[in-house]
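Asks: Sequence order for the protein chains is A, B and C. For the first sequence, our numbering assigns the number 24 to the initial residue and increments by one for each residue that follows. For the second sequence, our numbering assigns the number 93 to the initial residue and increments by one for each residue that follows. For the third sequence, our numbering assigns the number 710 to the initial residue and increments by one for each residue that follows.
Rather than coming from a laboratory, the hints here were simulated on the basis of the structure. Computed from a prediction, not measured in an experiment: that's the story for all the values here. For each residue, glycine too, the CB sits at the ideal point set by N, CA and C. Watch out, some of these pointers could steer you wrong.
Listed next, with one range per pair, are the computed distances between beta-carbon atoms [said to hold, decoys possible]: (1) A/Pro-125 x C/Thr-711: 22 to 32 Å; (2) A/Gly-30 x C/Gly-799: 24 to 34 Å; (3) B/Arg-189 x C/Arg-805: 44 to 54 Å; (4) B/Gly-190 x A/Gly-163: 45 to 55 Å; (5) B/Trp-128 x A/Arg-141: 42 to 52 Å; (6) B/Leu-371 x A/Arg-25: 43 to 53 Å; (7) A/Leu-39 x B/Trp-117: 30 to 40 Å; (8) B/Ala-543 x C/Arg-805: 48 to 58 Å; (9) C/Leu-742 x B/Ser-356: 37 to 47 Å; (10) C/His-736 x B/Arg-379: 29 to 39 Å.
Here are some chain B residues the structure puts well away from chain A; computed CB gaps all over 12 Å [claimed, not checked]: (11) Ala-107; (12) Phe-108; (13) Trp-360; (14) Leu-368; (15) Asp-524; (16) Ala-543; (17) Gly-560.
Listed next, the stretches of chain A that the computed footprint assigns to chain C, with coverage defined by at least 3 CB atoms under 8 Å from CB atoms of chain C [to be verified]: (18) 28–34; (19) 80–86; (20) 171–182.
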Amino acid sequence: MRRLLVGSGAAVFAVLLIGALLEPLPGGIDLRIAVASHMAASGVEHPVTAVLLNFRGYDTLLEIAVLLLAVIVILAGGLDPAVDRPRAANPILQSLARLATPPMIVVAVYLLWAGAFRPGGAFQAGAVLAAAAVLLHLTGLLPSWQRPALSLRWGMTAGFLIFLAVATGLLAQGALLRYPPAQAGLLILLVEAGLTVSLGLILAGLFLFLSRDPGDEE
Amino acid sequence: MTGLILLPLAWASLAFVLGPGRGKWLAIGGLSAQAWLAFDLAAKVGAGGTALLHPVGGWGAPLGIDLAADGLSAVMLLLVQCIALPLAIHAGAYFKRGDAAGAYFWPLAGFLIAGLNALFLSADLFNLYVTLELVGLAAVGLVAAGGGAQQVAAALRYLFATLVGSGLYLLGVALIHGAYGTVSIAILTPLVTSDAPRLVWIAGGLMLAGLMVKTALFPFHTWLPSAHGNAPAPVSALLSALVVKASFYLILRLWLGPLAPLTSAIAWLPALLGALAILWGSWQAIRAERLKRLIAYSTVAQLGYLFLIFPLLPGTDALEAGIMQAFAHGLAKAAMFVAAGVIIEATGRESVMDLSGAAGHLPLTLFAFGLAGMTLMGLPPSAGFLAKWLLIEAALDRGHWGLVAVVLAGGLLAAVYVFRVLRQAFLLAPADAVVKSVPRRLEWVAFLLAAASVLLGLRGVDLVRLLGAGA
Amino acid sequence: MTSGLLFASTGALLFALGLAGVILIAHLLRRILAFNVMGSGAFLILVGLAQDNDIPDPVPQAMVLTGIVVAVAATALALALTRRLHALTGEVELPRDEA
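Hey, can you work out the whole structure from these sequences and the hints?
Replies: This is how it looks when you write it as structure tokens:
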């Protein structure tokens, strides 16, 4: 009965919404022109990066806070005390993972640098770094993280703190995150470099703090 | 005004770096500075009489994100800092060293407060979505922290409710952006008219529905009693006093702002749900077995009053009544949860039936509970009385007798559940009862908050005057 | 129908599907997946509606990137809590709430 009700409700909603989507809409504000005309002052050449780090950089600042928060919540929820059982080491997988790691780091650095003028940026770079860590973990080369040591806590927070410090420092320019056009490129690269490392650690942490073999529970 | 966002973000992340259980003084120092900033902002907004604007990045809407502080924002910011600071002092004494539930309390609370302040200052619908998620996820984390199965289950239930709420809100924002090409509240407000395309009506409905889920309006309240009733006492206080008010504020902001041309037809719906919330929440509070669950259900009921004002809007008297109720309930409910935490800590029992003798051992705490109860019932001269008085006056002005009846009935029902607790507490203790001693600081915070909820009734006029600024 | 509207309509279907899933499915893992389907629907609508004449608009694209990161954080959190519940009770469904 409940399934029928919710299911038909969702179906009716979808039909109504699609019907409304197909109606012609009055033309709204087109921000593409505004973005294009301010690109020169943004410090980067790729429009999405310009929106993410400059025009709407404040969204990104809060978004990084959300990610950092997710790690803290996971730690606060308590980690399972299960012992880390060494995985069956497969020598082929291990040497492949060893081979893959250095190029992955290079790719991450490239993505970070490329973000200024083509798709890429700190989040993508951080995700590749985290993927490298997960790969090493799954092949048994990197143990799961038992507790957040001081250096790890610094590493995960540093990117956000750098971003926050830059945002605060730019208050001297008259507004939060108001990059002076001449230094915008450099400051954005600084913020993104910090974020890459911290995002890599945070995303890896989301996996490595949770990944443990809970003994022989069946 | 940016300090109110940057400061808590800074102390929250530094508290995390310092490590588990640390960061108490950082937080209390930061919150004291924030309280000063909030009063300063309120003074500026009140003196200028207009809204303050801060274009982040210097771009200005629609390209950039604007922060805006008018009277309503300033009042909500005052509410957050004035309740968070005493609760921080309380939490510092409540969580003991090595307590798993308190290990990450400071960073989580810091991000929660940063999210709340950012929400009250944002003038951009998409940025508001990010702040909603920051608040929601921090709140879920606080409920889950270091808890057993029951607490984790309550946190998960809360998580799905809050994610569905923000999902509906986000879809609404996406549709609004599709229709108008902007998410700036200031730019949208003149664009939306009553002959808007159907897409915009759906968008408005989705945003309001999502926010109602987050505010736990009846019948979307089912997640609230378990989340607020199972969390540690300082967390329950933060959630009941502040977090649910954030989504209510946003409903109000949309209702009076961009969605105003669309909402006149459905103004009675929130009021009807609010009335049902008052009756159902009070009834469940009267029946509840555990003390904290009783208080949580009382929150469901008290949130109902906030929604009674919608048929009376737009009118400054109704807005004043709503905000006064938010303040009164915030202070009183924080006091009640803190008091309940003290009682449970001292007696080691959670059930209302086991309260016998508490009055003899913890007179100050029981006095605080009674004062807070006075505010919830709406007895003069409390802030709750002022709120209900303003509400009844606004309803009578427009001849809405039904609303008056609901307000009066709600007050009587509140009296039943408050006296149920007090009566049990004043019974003689069974001979074998063991009562631990608790730090006096815990009791004093409860008393202070409760006393503030009563005394605010005398100074409410100042607060209400501020609301007019920049509206 | 432009390709943007096709994306948006698909998004509407996915959102409705995901929402029904979040409400109906008891198994927590599947419920988390349903939440992600719902979120993807909203993101598709956000980019799809803004895309006319097939020229992408960077602002909604940046918003979706922000939204995806927030969804990643929420998903990780939900998975961690589900694991915790499983470790404590051995269940992957929510217990009934007390009366």
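Asks: Now, for every hint given, state plainly whether the structure supports it.
Replies: Hints and how they fare:
1. A/Pro-125 x C/Thr-711: 22 to 32 Å: violated (45 Å)
2. A/Gly-30 x C/Gly-799: 24 to 34 Å: holds (30 Å)
3. B/Arg-189 x C/Arg-805: 44 to 54 Å: violated (36 Å)
4. B/Gly-190 x A/Gly-163: 45 to 55 Å: With Cβ atoms ~33 Å apart, the hint is violated.
5. B/Trp-128 x A/Arg-141: 42 to 52 Å: holds (46 Å)
6. B/Leu-371 x A/Arg-25: 43 to 53 Å: Distance hint for B/Leu-371, A/Arg-25 is violated at roughly 25 Å.
7. A/Leu-39 x B/Trp-117: 30 to 40 Å: Since A/Leu-39 and B/Trp-117 have Cβ atoms about 54 Å apart, the given range 30 to 40 Å is violated.
8. B/Ala-543 x C/Arg-805: 48 to 58 Å: violated (40 Å)
9. C/Leu-742 x B/Ser-356: 37 to 47 Å: Since C/Leu-742 and B/Ser-356 have Cβ atoms about 40 Å apart, the given range 37 to 47 Å holds.
10. C/His-736 x B/Arg-379: 29 to 39 Å: For C/His-736 and B/Arg-379 the Cβ distance comes to about 32 Å; the hint holds.
11. Ala-107: It is violated; B/Ala-107 is separated from chain A by about 10 Å at its closest Cβ, not greater than 12 Å.
12. Phe-108: violated (6 Å)
13. Trp-360: Since the minimum Cβ distance to chain A is about 22 Å, B/Trp-360 lies beyond 12 Å and the statement holds.
14. Leu-368: For B/Leu-368, whose nearest Cβ neighbour in chain A is about 20 Å away, the distance exceeds 12 Å, so it holds.
15. Asp-524: holds (34 Å)
16. Ala-543: holds (32 Å)
17. Gly-560: holds (27 Å)
18. 28–34: n = 5 at 8 Å, threshold three: holds.
19. 80–86: holds (count 3)
20. 171–182: violated (count 0)
In this structure, the hints that do not hold are numbers 1, 3, 4, 6, 7, 8, 11, 12 and 20, in rising order.
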